[in-house]
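Read top to bottom, the protein sequences are chains G and L. Numbering follows this note's numbering, in which position 138 of the first sequence is assigned residue number 140; successive positions increment by one, without gaps. Numbering follows this note's numbering, in which position 213 of the second sequence is assigned residue number 759; successive positions increment by one, without gaps.
Derived by calculation from the structure, the hints in this document are not laboratory data. In this text, a Cβ means the ideal position worked out from N, Cα and C, and glycines have one as well. A few of these clues could be false.
[As the list claims (entries may be wrong)] Quick list of in silico lysine to aspartate or glutamate cross-link-like pairs, EDC-like style, CA-CA up to 20 Å:
| id | chain 1 | residue 1 | chain 2 | residue 2 |
| --- | --- | --- | --- | --- |
| 1 | L | Lys-1075 | L | Glu-824 |
| 2 | L | Lys-551 | L | Glu-611 |
| 3 | L | Lys-936 | G | Glu-174 |
| 4 | L | Lys-684 | L | Glu-671 |
| 5 | G | Lys-153 | L | Asp-639 |
| 6 | G | Lys-4 | L | Asp-680 |
| 7 | G | Lys-166 | L | Glu-911 |
| 8 | L | Lys-1037 | L | Glu-1085 |
| 9 | L | Lys-551 | L | Glu-708 |
| 10 | G | Lys-166 | L | Glu-945 |
[Unchecked claim] Part of the chain L face toward chain G, derived, beta carbon under 8 Å:
| id | residue |
| --- | --- |
| 11 | Val-601 |
| 12 | Gln-624 |
| 13 | Leu-625 |
| 14 | Leu-655 |
| 15 | Gly-659 |
| 16 | Met-665 |
| 17 | Asp-929 |
| 18 | Tyr-971 |
| 19 | Val-986 |
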Amino acid sequence: MKDTFSSYHPAVNFLFFVGAVGCGVVFLHPAYLAVSILCGLSYYLFLGKTKSAKAFLLMLPVVLILAAVNPLFNTQGSTVLFWLFGKPYTLEALLYGGAVSGVLLTMLLWFGCYNYVLTGDKFTSLFGNWIPSVSLLLVMVLRMVPNLIQKTKQIAGARKSLGKGNEGKLKEGLAVVGALVSWALEGGVVTADSMRARGYGTAKRQSFLIYRMERRDWWLLAVEIILITAVIVSACLGQVNAEYTPEVSLAPVSWGAVFYGIYLLIPLALNGKEAILWHILRFKI
Amino acid sequence: MAHIKIQNLIFSYPTSMDKKALDDVCISIEQGEYVVLCGKSGSGKTTLLRQLKTVLAPHGKKSGEIFFSGVPLEQVSQLEQSAKIGYVMQNPDDQIVTDKVWHELAFGLESLGCDQKVMRARVAEMACYFGIADWFHKDVSTLSGGQKQLLNLASIMAMQPEVLILDEPTSQLDPIAASDFLNTVRKINTELGTTVIITEHRLEDIFPYADRAIIMDGGKVIANDSPRSIGRLLYLENNDMFTAMPTPVQVFYGTKSSGDCPLTVREGRRWLSRSFPEAPAINQIPCAPASDKQQDIALSLKELWFRYEKDSPDILRCVNAEVPKGSLYAIVGSNGVGKSTTLKAICGICRPYRGKVKIFGKAIEKYKPSELFGGCLAMLPQDPKSLFVKKTVREDLEEMTREESRIAEVAAICEIEHLLNSHPYDLSGGEQQRCALAKVLLTDPKLLLLDEPTKGIDSFFKEKLSKILCKLKDRGVTVVMVSHDVEFCAKYADLVSMFFDGQILTTDTPRRFFGGNSFYTTAACRMSKHLFRKAVTAEDVIGLYLQNKEVQE
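Bound-form chain L, shown alone:
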């Protein structure tokens, strides 16, 4: 008997009755399965997941049936649903209800009215299983994003659910915390046999372990198959979702190979080795030599030192950087090393106690604020929500300028014309990001600072963002970007800097930078390192593969 069975589910929201948010969805999920649900933003993933728990199901017109262990879901009592169907949401912060870690762990059990003995045992058990024991007594506000999301998961697992539903749980986390979290989910699935249904952008970490992938588009299930076969289907259909597939899959189908598709870097390496039993003739993409041409410098940082308080440790320790005009400059590095602080120092939110920030050759102190932020410098913060202060996107844009033509122009660049009359909070993460970017662009900056622009947005929106950035570059805007997203930087940046221990250690073009690294680099590079040199994107590997095959023939 299927654990969860969805039969001919049709759903539409009251605001748009004619458009079906879910269109004839039929899915059957077995006990203990690990199912990943993919699709673009707005394809109905969250709507579908919320139907699986009555209290969270949105209002609207619904037909069709959902069975939980053979019983129609409406007939399963609220108490049983709360305990047996666990639901983890996107935002780690807002999901937490109480102020102490131990209290949050116990929250579900308190609601279910368990007695003290059971609560004690379960809370202790979960704290150990999730490695929370060390921060059991801490205040929730002192935790990192990754810890918070782990706490949300643990608090739900304490109720011992049979099904675990996760709705983009790692979109707000950095890559290391995200892969930690996903490993824990996998551990729960394999060790406890809990059924897992998850939606994720970061498919590289999930795809190899999932039993099944379900692809949704426009409220319909368009594919429902094993991860190995799904790539082929998307490739043949030329679906937008193909860009979200793990690099080995993209390379495999990009080279029009046939046979078993590799899913992990390890499998990808083996497959490449089998394809080229002897060392390939062409093993390098011709690198443009470093130009000696003297370029204009848009931004220069000289020996910046910064700390928040007199007695606190230094966050920036001698940061040096020079950003050429009209380039896309990316700063990568792990969490909490001072990347965001550097951006804050550039735009004057933090004032370094030593060192100099020069923007277009002029020290930052010599600018008047109106001069600096009116057409010279602007920053897009990490959370786009912090920029929205009005009821509609249009009003928010009008706060910056009254000229309709300017707004129309910027809206066209960011492709948000159709969103202007919506409330900013009604938009998806990618849409919010673009609206916030539009607001920032209205100051007409020549130097644009971006703090984690790809956080929480799917591969489809990333492409759009990259196009916008290219358009800006063509207009002579210099972009400085702080990011965790190695793949994005490798593909689109002109220069990449490594930030570590409060300073910038190395700066180079992405090809040389990522091509030289063996851990901190892209999946394409890790996969092809033994055969090709400095192939850092899927396109690089595909190009070299095809060239070599031609030579062989």
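Isolated chain G (complex conformation):
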């Protein structure tokens, strides 16, 4: 299914992820963590379907192990559950480990979404106007990677059809890499010629902007800014304070968490709105 949020201007997308990931790193409060994980997971599943589900199932054990391992190194905390290797294994440390791995999980989820939404070309077009040379470099790297993979396959296949590649993996690998490097260098010379032939470096470089800010982009940008400001204000007021060791003390859940939830639901809400809109449009016909 098409993702509506992705169709917005890359700047709007980018700001959203800055907010989501930035807050995700800082907030250790369980309520905020839960909100972020829930929203992140549902959007991630929405974007990638079964592929996302598989990836999530891979993340889960890592995160759980991380939480369980924390008390082994961190022995602070007042409630001792049991003793291990002569060290106390405390409840508080376990909870703290859980919170930290929760942060890791939010990171993984939101970066997973980021990969679907902000594709390489969107990212580079975002910075194309500020730093054209860096952005061009990024674009060229993006182009080189699939190219090299394809050439590696080609070389390996060619060598196999000569009966090479059975003696020693390392030696064979080196031969392929060597061939790949000279091939890439040769290609690089042509690419450089092609760039100079098209005037690279003769004038101040401009970027072709394929994305334009529409009215809806400005609106969404405003909404994002308002919500994120509210969240930051609530954080400054101490609503996200959470202490785990030596004793657990959490700030009571308040309006900040609500704003946080609304903010993180923006992509899904936009998709929902779009679905309803199309349903109505079809109904009218």
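Starting from the known structure of chain G, fit chain L onto it as the hints suggest.
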């Protein structure tokens, strides 16, 4: 005033100062002319073209002048040169800089610092003109070779150049994509009046439309005339380049005719009709009857089925074939029908999920890898570069065997003795092809698989390749070749198979195969079909023509 004027240009590379790469070249090209530059590999075509754009000009000793619209080229600013002189190179892949089609289209304009409005308009205009709109948002890596080269052209045309220089732009493309590309170039020339200077091997598609042909040899311009007159000159001089001429030209001069030379198949047909107002007495070359003699089978494919992934469509759908020992077997067909995949299945790179591959009567699974590739089977891939892993050709050959005598022998067969100490990447396409072939031959294969061996090499090297293949055949090697090159297959193959829709449809001798087709056949056949039956090469037509003339007299 001439658009481009080259005066007494002499150039030599720093590595070989005594040998002139360009020797006293004088050319004048008018606004809107379509000029085709021909010559063997290494005759200085690319060196000359690169002189026409200062940023691309190689280092070396240079004397003489180049004028662009009356101004010496050095005095034309880089910015103006970038915009006004467009240059398309050979390799479609390496020329592309960015990862998206739209970005590539805009690349030149971005470099020139155009503002958004101009860029938008020009990019949109070009996308429409070149029919790119459908794949405007695509990743470059998903495009076919033909699309990539078209994109390179469009990206240069977006800068609205006055001169378009193309250096063998279609050598890496299949015939259909190539003729598409050349038609677009012609459209640009006739509709926009852009001056075009092009070098090409595939002269059949260009010659009829070019205003002028310039022939180069050893850095010198040896002929500079209209295409119609150039054939005569080459024929009289007995020049190697004559074999590169379109078939009608070869037939016309081969029969020692005089008058206006035909350039296209249509003109050739008319000329033949005029030569024979009544149906010719001898209209067929005696065909050897199909031999019933039981031949040994070198390779047999039985009902091969293959697909890359479980859910992807089948690429091979019941491929059946039998290749007799010691023959040159050619598989022809359009792009992406599974020809190369068949070769990969034969040598075990792809494993068919159903069916059997038997090599010399033994199933392929029963061979040990060392046995199979050590003296039984070898494949020359499409891109010879994928075989080179060392710094010199000699080292590359030594990777296969340590015996000096074997290397010397193979080098002699492939005629590469003088290239052994060069870096493989410094060689021309034809030379690379032969070095790669030498490397493959060192495994001493009895069955040799060739994937598009004539791609990107000129007619002169094709002759050489055909001689090498004949030598191999004499030594009892069986050759299976996949090719787009109809003319080459018609001339040299023993059996030709048509590959379509994942299977081999028909197999026959070239004469019967191409003689029976009316579209997928050689220019000689299309040209003479109404008079002669099954004349598929220029030599066939010339022979029949002369025989009939003798009868008439």
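Status of the hints after comparison with the structure:
1. A distance of roughly 15 Å separates the Cα atoms of Lys-1075 (chain L) and Glu-824 (chain L); the hinted pair therefore holds under the 20 Å criterion.
2. The straight-line distance between the Cα atoms of Lys-551 (chain L) and Glu-611 (chain L) is roughly 8 Å, inside the 20 Å bound, and the hint therefore holds.
3. For the hint linking Lys-936 (chain L) to Glu-174 (chain G), the alpha-carbon distance of about 13 Å falls within 20 Å, and the restraint holds.
4. Proposed proximity of Lys-684 (chain L) and Glu-671 (chain L) is supported: the alpha carbons are some 18 Å apart, at most 20 Å.
5. The straight-line distance between the Cα atoms of Lys-153 (chain G) and Asp-639 (chain L) is roughly 11 Å, inside the 20 Å bound, and the hint therefore holds.
6. Between the alpha carbons of Lys-4 (chain G) and Asp-680 (chain L) the distance comes to roughly 19 Å, so the proposed pair stays at or under 20 Å and holds.
7. A hinted pair counts as satisfied when its Cα atoms are at most 20 Å apart, and Lys-166 (chain G) with Glu-911 (chain L) qualifies at roughly 18 Å.
8. Restraint check: the Cα-Cα separation between Lys-1037 (chain L) and Glu-1085 (chain L) comes to about 9 Å, which is no more than 20 Å; the hinted pair holds.
9. The hinted pair formed by Lys-551 (chain L) and Glu-708 (chain L) meets the criterion: a straight-line CA distance of about 14 Å does not exceed 20 Å.
10. Between the alpha carbons of Lys-166 (chain G) and Glu-945 (chain L) the distance comes to roughly 10 Å, so the proposed pair stays at or under 20 Å and holds.
11. With its C-beta approaching chain G no nearer than about 4 Å, Val-601 (chain L) sits inside the 8 Å limit, and its interface hint holds.
12. Taking 8 Å as the C-beta cut-off, the interface hint given for Gln-624 (chain L) holds, the closest approach to chain G being about 4 Å.
13. Given the 8 Å rule on beta carbons, the hint for Leu-625 (chain L) holds: about 5 Å separates it from the nearest Cβ of chain G.
14. Among the interface hints, the one on Leu-655 (chain L) holds; its C-beta lies about 7 Å from the nearest C-beta in chain G, closer than the 8 Å criterion.
15. Restraint check, Gly-659 (chain L) versus chain G: the minimum CB separation of about 4 Å is within 8 Å; hint holds.
16. The restraint placing Met-665 (chain L) at the interface with chain G holds, with a minimum CB-CB distance near 5 Å, inside the 8 Å limit.
17. At its closest, the beta carbon of Asp-929 (chain L) sits 7 Å from a beta carbon of chain G; the interface hint therefore holds under the 8 Å criterion.
18. Given hint, Tyr-971 (chain L) at the interface with chain G, holds; its Cβ is 5 Å from that chain's nearest Cβ, closer than 8 Å.
19. Given the 8 Å rule on beta carbons, the hint for Val-986 (chain L) holds: about 6 Å separates it from the nearest Cβ of chain G.
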